[in-house]
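Asker: For the protein sequence lines, the chains are V and H, in the order given.
For the first sequence, the working numbering assigns the number 256 to the initial residue and increments by one for each residue that follows.
For the second sequence, the working numbering assigns the number 30 to the initial residue and increments by one for each residue that follows.
Source of the hints: derived by calculation from the structure; they are not laboratory data.
C-beta: ideal position from N, C-alpha, C; glycine also.
A few of these clues could be false.
[To be verified] Pairwise CB distance ranges (calculated): (1) V/Q360 with H/E304: 57 to 65 angstroms; (2) H/G289 with V/A260: 50 to 58 angstroms; (3) H/G289 with V/A382: 55 to 63 angstroms.
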Amino acid sequence: MDLNALYQEIILDHYKNPLHAGLREPYGAEVRHVNPTCGDEVTLRVQLAESADGPVVHDVSYDAVGCSISQASASVMADLLIGKPVAEAMSVHEDFLALMQGKGQVVPDEERLEDGVAFAGVAKFPARVKCALLAWMAWKDATAQVTTPLTEEEVR
Amino acid sequence: MTDLLDVERIRKDFPILTRRLADDHPLVYLDSANTSQKPQQVLDVLDTHYRLHNANVARAVHQLGVESTEAFEAARDTVASFIGAPSRDEVIFTKNSSEALNLVANTLAWATGPLAVGAGDEVVITEMEHHSNIVPWQLLTERKGATLRWFGLTDEGRLDLTDIDSLVNERTKVVSLVWVSNMLGTVNPVADIVRRAHEVGAIVVVDASQAVPQLPVDVAALGADVVAFTGHKMVGPTGIGVLWGRRELLEQLPPFLGGGEMIETVAMARSTYAEIPHKFEAGTPPIAQAIGLGAAVDYLQSVGMEAIAAHEHEITAYALDRLTEVGGITVLGPTEAVDRGGAISFELDGVHPHDVSQVLDSRGVAVRAGHHCAKPAHARFGVQSSTRASFYLYTTPPEVDALIDGLHYVKKYFRVG
Ligand SMILES: Cc1ncc(COP(=O)(O)O)c(C=O)c1O
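The shape of chain H in the complex, shown without the other chains:
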């Protein structure tokens, strides 16, 4: 591999990567699509915040309150510039991607006027969505008597766009799709779908949970109306997610949760609401987590998103290639590292994914087994579950080798092939 990243230096930033597991096996962490590990730089910022600056935000005049508020709002600036948001006010902090997607689907259910979704209207998703980008739209369409439709998948695990013009039509109010699939690894042609959706006046929601961690992102260039992602998959803390939305859209949507900080004024009969972003941030926000996310973004930027994307591509290509040696492996999703992210789900003939991951774990290799919150995509490929290895900026070729050795051992253990 010709690598743009100094992975050995990067690994030193992640304390957990030196962990030894049972029987003194070194940790081989191949589950970053599930959640990423955190660098010392992020841990330090969290620690410093709680030790020196902790206070609630936006409601204290004292010095700590001012420091905490400044750090929290600075994190918003950092995230906004990282994703190319035209305005910092368009960055809403949520607790994760799921909450961001539910925020959009719920406020659309409550919206009146041109955004309202009702009987006869359609919402379009895809068969490769994470459950977090399926269920909120099922709830919306069920509640409003609208129809949920979806793009199917090709055998290679790409979106089948042949019927895009009939699927996305003048009845379509929302198109919501994943940018990079957490199961198949597919990178979807978001721009093509945005073009068609905007032709018919639909809004486009992009689940960028796996994209923002591994690709350079410019939401303005992407052209979508809403983009959701989650801090814990991009070397940030858990408990913090981001909803970016175009200002005009966010301003038209009604509030989501009611409470402190989201108001302009409250009287017993009725209230008026704060401007965005605060309109959508009721109650004490995840302050330390937002500040930690800001630190995570600083970290990723110091490494460089182009370099991270290139590394992800190389390590994925290497793993896809080595997996073919094992025998009995069927990769679900593109088998070449073209328009493909760093998550590889596969079947091993004759051994259930649970058993594969259990045996790999006994050797320190951490992968995910199950449906990866993408049951419909598994059903599409006629399987109930799969084993998934996923990579990030700290993943090395020897770790992929450990996976391959582990898979040979699994076959031996279960006497297959």
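Chain V with its partners taken away, still in its complex shape:
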């Protein structure tokens, strides 16, 4: 079993020195996601900004408790998505999801995923895929909450 395929140096670096960690103001939405099997948790905030080309991911801040894979994944994701137009960030999200669900058969695009390619090995450890996806799912959820107009009921 190739442990080093799972624990890439980049992952361990992000784990020890996470980027963009901590919860910041202002934010458009905050979500809390947990992995019920192991109890890993992330609280994540998203702040979008308007630009000429539509909404942009202005900030992603988070507070995560969990294993090296889930912590590093939050760090890599925040670094990758901050500053990107929301539409592009969503498509990067899809790429990362496909990589994680690809059972080790998907070849990642380093141009798009940058440090995210280090997670390619995680796809071969089915029990850890959920760890790698925790923050990404939280981000998608939070972003959807900011971009979806409130329902009438919520406005009331």
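Since chain V is already given, all that's left is putting chain H with the ligand on it; use the hints.
Answerer: The following block gives chain H with the ligand in isolation, referenced to the frame of chain V:
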């Protein structure tokens, strides 16, 4: 270790223990509190049942039906005598401990008369319960407007009994507690709690999921009203659990699930119910699994529960001792093998339990990482998860050594300490 068990001979009964895992590492199975492995004797009984005797129980006159029914009911006799049940009819087969505990909590929610739980009544549990002995009581108290209260824990991981007399009071209807904690390993003083609960007329439910596998059990001597346990943790198959309850109590409780076999007679307007145990066994029961559990009990008895308990104690003491050598380990729960079962949960400074178990797994060492279905107990100790090693009658000191070597390797791998 001076051992009462011939562990090498016992290991030969468990085919899976010869398995090789990735990179040809021998399996070091330290997750028996999660589920135990099964001896050939149990596998053979399951196989023989399906090959030669398979039929539904209690509803066929043909020879196979008779054989199957006899084997199923014989398993009930075996379990009853194993736990010292005053009557075989008090042994109800369920699918696991969780179902047994839910059966009690649900039928109490439906009970009328003296057993009824309502507004102003209290149910007392403890902070070290498995989720299976928390959630059913939350559901009961929420549904009935009753109050859920609990014993807290000491820093050592024992029940804090200082406020027992106010916690268990005349409003208390039920006290439900774990006998041996699956996370902290603590063996609780059930008899003391039974005494107080019975003083105030409360019924006592004991979650014996980790106790029955490793301790000699006599439910009559224990004094509790209900005891739940699960077959797969005591070298039996999955899909079978046991609810033992005092006859008078079981007779007063309303039925749980309705269906075939639990009735006396059915008319379109209403039905009357069978006597215990069948009143609580609606539908085709887990027949092969019950028979397999009977075989598991025979196996444990042939080894001897006193000897199993002594082995569990010795191997736990050995592991607790060796864990102190690793450095950076904090054991959650009693650090000495006194009133302590064979599950050791711990933290390793600087490495998350998920990562600990992943690296151990790469060396063939199987442990559990996470909250072990005891989130409140983890929260009590300010941690979100832990790594747990747990032992059983087939665990050897060299397997504990493999764990210790593995933990040194984990530290090296993650460059801590
Ligand atoms: C103390 C305790 N209670 C209850 C259970 C639930 O057992 P089961 O999952 O077989 O219902 C377990 C095991 O997971 C346990 O260790």
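Asker: For every hint, state whether the structure bears it out.
Answerer: Results of checking the hints against the structure:
1. Taking the beta carbon of each, V/Q360 and H/E304 are about 59 angstroms apart, inside 57 to 65 angstroms as hinted.
2. A hinted range of 50 to 58 angstroms holds for the C-beta pair H/G289 and V/A260, which are about 53 angstroms apart.
3. Restraint check, H/G289 to V/A382: a C-beta distance of roughly 39 angstroms breaks the suggested window 55 to 63 angstroms.
Violated hint for the displayed structure: number 3, the only one.
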